[in-house]
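Engineer: The primary structure of each chain is shown beneath.
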Amino acid sequence: MTKTYTPPSLIDRLRADYFPTKLNGAVTLIFAALVAWALWNLINWGILHATFSAANKENCGHGADGACWAVIDARWRLILFGLYPFEEQWRSAIACIAIVITGGLSCVPWFWSGRRITTLWLTGFAIFFVLMRGGMFGLTPVFEQNWGGLSLTIFIFASTTLLGMPLAIVFALLRRSELPWIARTMGLIIDTIRSLPLLSIMFTFAIVLPFVLPGWMIGDKLYRVIVGYSLFFACYQAEIIRGGMQALPAGQEEAAKALGMGYWHRIGYIVLPQAFRNALPPTINQLVITFKETSLVVIIGFFEILASGNAAYGNAEWNFAHVEVYCFVGFLYFIFVFALSRYGAHLERRMAVAER
Amino acid sequence: MLAALKNKTTRDQAAQFSFVGVLIVLIIAFAFTARSNLEAQGMTSGFGFLDRATGWGVSFSLIDFSTSDTYLKVIWVGILNSLFLGSISLVLATVIGVAIGIMRVSGNKMAELIGTTYVEIFRNLPLLLQAFLWYAILTNLPRPKDMAEASGPIFFSGRGIYMPGLNVTGFSVFLVALALVAAFAIWLWLRSARRFARMEIARKKTLSRAVWLTWLVVAVVLLWIGRIPDTSLVSQPYLRGLNFRDGIRVSPELMACIISISIYGGAYIGEIVRAGLNSVGKGQSEAGHALGLSGIQTFVYIRLPLAIRAVMPTLINQYVWLFKSTTIGIAVGFVDFFMVISTSINQSGQTLELIAILMGGFLIINYSMAWVLNRVNNAIKLKGNQLRT
Numbered sequence: 001m002t003k004t005y006t007p008p009s010l011i012d013r014l015r016a017d018y019f020p021t022k023l024n025g026a027v028t029l030i031f032a033a034l035v036a037w038a039l040w041n042l043i044n045w046g047i048l049h050a051t052f053s054a055a056n057k058e059n060c061g062h063g064a065d066g067a068c069w070a071v072i073d074a075r076w077r078l079i080l081f082g083l084y085p086f087e088e089q090w091r092s093a094i095a096c097i098a099i100v101i102t103g104g105l106s107c108v109p110w111f112w113s114g115r116r117i118t119t120l121w122l123t124g125f126a127i128f129f130v131l132m133r134g135g136m137f138g139l140t141p142v143f144e145q146n147w148g149g150l151s152l153t154i155f156i157f158a159s160t161t162l163l164g165m166p167l168a169i170v171f172a173l174l175r176r177s178e179l180p181w182i183a184r185t186m187g188l189i190i191d192t193i194r195s196l197p198l199l200s201i202m203f204t205f206a207i208v209l210p211f212v213l214p215g216w217m218i219g220d221k222l223y224r225v226i227v228g229y230s231l232f233f234a235c236y237q238a239e240i241i242r243g244g245m246q247a248l249p250a251g252q253e254e255a256a257k258a259l260g261m262g263y264w265h266r267i268g269y270i271v272l273p274q275a276f277r278n279a280l281p282p283t284i285n286q287l288v289i290t291f292k293e294t295s296l297v298v299i300i301g302f303f304e305i306l307a308s309g310n311a312a313y314g315n316a317e318w319n320f321a322h323v324e325v326y327c328f329v330g331f332l333y334f335i336f337v338f339a340l341s342r343y344g345a346h347l348e349r350r351m352a353v354a355e356r
Numbered sequence: 001m002l003a004a005l006k007n008k009t010t011r012d013q014a015a016q017f018s019f020v021g022v023l024i025v026l027i028i029a030f031a032f033t034a035r036s037n038l039e040a041q042g043m044t045s046g047f048g049f050l051d052r053a054t055g056w057g058v059s060f061s062l063i064d065f066s067t068s069d070t071y072l073k074v075i076w077v078g079i080l081n082s083l084f085l086g087s088i089s090l091v092l093a094t095v096i097g098v099a100i101g102i103m104r105v106s107g108n109k110m111a112e113l114i115g116t117t118y119v120e121i122f123r124n125l126p127l128l129l130q131a132f133l134w135y136a137i138l139t140n141l142p143r144p145k146d147m148a149e150a151s152g153p154i155f156f157s158g159r160g161i162y163m164p165g166l167n168v169t170g171f172s173v174f175l176v177a178l179a180l181v182a183a184f185a186i187w188l189w190l191r192s193a194r195r196f197a198r199m200e201i202a203r204k205k206t207l208s209r210a211v212w213l214t215w216l217v218v219a220v221v222l223l224w225i226g227r228i229p230d231t232s233l234v235s236q237p238y239l240r241g242l243n244f245r246d247g248i249r250v251s252p253e254l255m256a257c258i259i260s261i262s263i264y265g266g267a268y269i270g271e272i273v274r275a276g277l278n279s280v281g282k283g284q285s286e287a288g289h290a291l292g293l294s295g296i297q298t299f300v301y302i303r304l305p306l307a308i309r310a311v312m313p314t315l316i317n318q319y320v321w322l323f324k325s326t327t328i329g330i331a332v333g334f335v336d337f338f339m340v341i342s343t344s345i346n347q348s349g350q351t352l353e354l355i356a357i358l359m360g361g362f363l364i365i366n367y368s369m370a371w372v373l374n375r376v377n378n379a380i381k382l383k384g385n386q387l388r389t
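So the protein lines, in turn, are chains A and B. Per full-length UniProt numbering: the first sequence = residues 1 to 356. Per full-length UniProt numbering: the second sequence = residues 1 to 389.
Among the hints, erroneous ones may be present.
[Stated by the list, open to error] Below are the DSS-like pairs computed for lysine-lysine, each with C-alpha atoms no more than 27 angstroms apart in a straight line:
| no. | chain 1 | residue 1 | chain 2 | residue 2 |
| --- | --- | --- | --- | --- |
| 1 | A | K257 | B | K8 |
| 2 | B | K282 | B | K109 |
| 3 | B | K109 | A | K22 |
Calculated from the structure, these hints are not laboratory results.
All chains, please: the whole structure from these sequences, using the hints.
Structural biologist: Right, dumping it as structure tokens:
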């Protein structure tokens, strides 16, 4: 007689997961009651008693017990596009989609080489910039002070990473340099910037830089803040890349040396590709943080999505609808950030499999 | 010349000199441009303005501050406020983080689900958004004048949260807190220092009890001395006219900062704690069980201490990073270091000096925090080739 293996039934599995012991079962029940209560309140507030259309907005207000999604219905254009001219907002939308597609494409392994990913991002960014700025191909020009909402957030994020990534590689190489003065100076710069708050860096670049730069170098405030943010990003990213380089076995570089490869060939063909591979999960984590922290430019006075959210409920008509607006803005952030962090987790698992 | 360029040492020296040289030239160029720009605008430079009276007040201060006090003092107020906000938020974030981390490895699927949901929601929303949301919620609570029928020791109003407090001076509260930190440090020293490793456990217990008892006595004495004369010991808030009187008021600005930073930080610390707990080898817990320790004992005496050792370096970075995020105070109007500097720049126009103070302040605070925590890390980390898993 051989016993055949019968897979555990659903009930068995549920019992093993949720009621392994009496104490555990009690804990499960308490937590389940808590979750059920929270969910019920949330559904009640967000769906059952909510007002969805701006047409019947008289239903919501201070006395209402449900959410007032009518504010999103009425103000979504302001939240998404900020002060961008009304007739041109399709451009802003397409520009955002272009960057999202670029981001999606860079997850495809075929693009994972220095040259391809650079070309991809430069193209995507150029499309974004031309659409947003206009002034070419018969598009009416829209200047930076009118940019706002989601597209401004995406613009700051994309340009920061585009500028910051090469800078980070340079910083990492300088810090790893065999020449002590270069390595130490770079180390000091990186450590100093890393221990300052991002807000103070942005503030310095926005407010202080005009004092110490000659007039022709000052440029628009938006670009100064982006340069400052890239510098900050580069310092963090440089440490991540350096970590990736340190994880490489010394034999890799020695073998390259033995083959007679020069410094740039060693770095470009042997060290950097593998370092990036090692550093991919923390890099994605850094990108997630960078995307979230673009919101800090609100304080410097830019009209990105959080600020346009503030403006969306900041009038007498909608002043009660703060929670709804923040939920909506939070949801938009969440989509981007969650997708990115899930992708990072996926990569981590994939690499763990490869290493086994 | 060409021969010199072919020599590697010479080239290396040249590269170093030019790198450092370019940096120095840049800094000097900045300084000269700054001087000519300032002169063109007729502004004076230097730190003389620190002795001038500010002429503006702050809404929250741990020490007495009036509009006739100097810039130096207002900056000090800002630093103290930042440290105050930072220490409360970091402690709360640690408590939340440890709870979430434990929930996520507890083996109870429901607890894991809640922990995961918490982390995924709060880690994936910008801190600033959370601060704005909490601030909007807190300021939209009912106004005090609409709360006539509200009762209870604690009142939640749009003007802030009012709760009962002791009628003692702030300074004595500060001393009590300081004594608490000292007692904790002594207790930690007693427990972990090698000098006491051979002491009998019973004696050790008595000693640590004595430490805590001493703290208690000192605290009571300090609070008694610090009593504000002619008042009852407990001050209970009550509604008078349009607002509450007495008690302790926690402003919505401070509350929003504390809630958002500790919830956001808690999500990050939760992940770190989880990773640390997972890094402790299974054999350790199994050995604990085999020795007859209960589940909770195994967790408290074996798994948690090993996990703390493992995550300490990551945790230090996280603390430094979280402390930097207290600068979001300016977004909701909490008077922290950054906001004081920013207001001072608007009012006095001494931009460069104030920015230098801001950066210097953060460097000092962050480096000393990292230094202290690294000392703790060095004291508790496994030395030599002790077993790790």
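Engineer: Checking each numbered hint in turn, tell me which of them this model violates, lowest number first.
Structural biologist: Hints that this structure does not satisfy do not exist here, as all of them hold.
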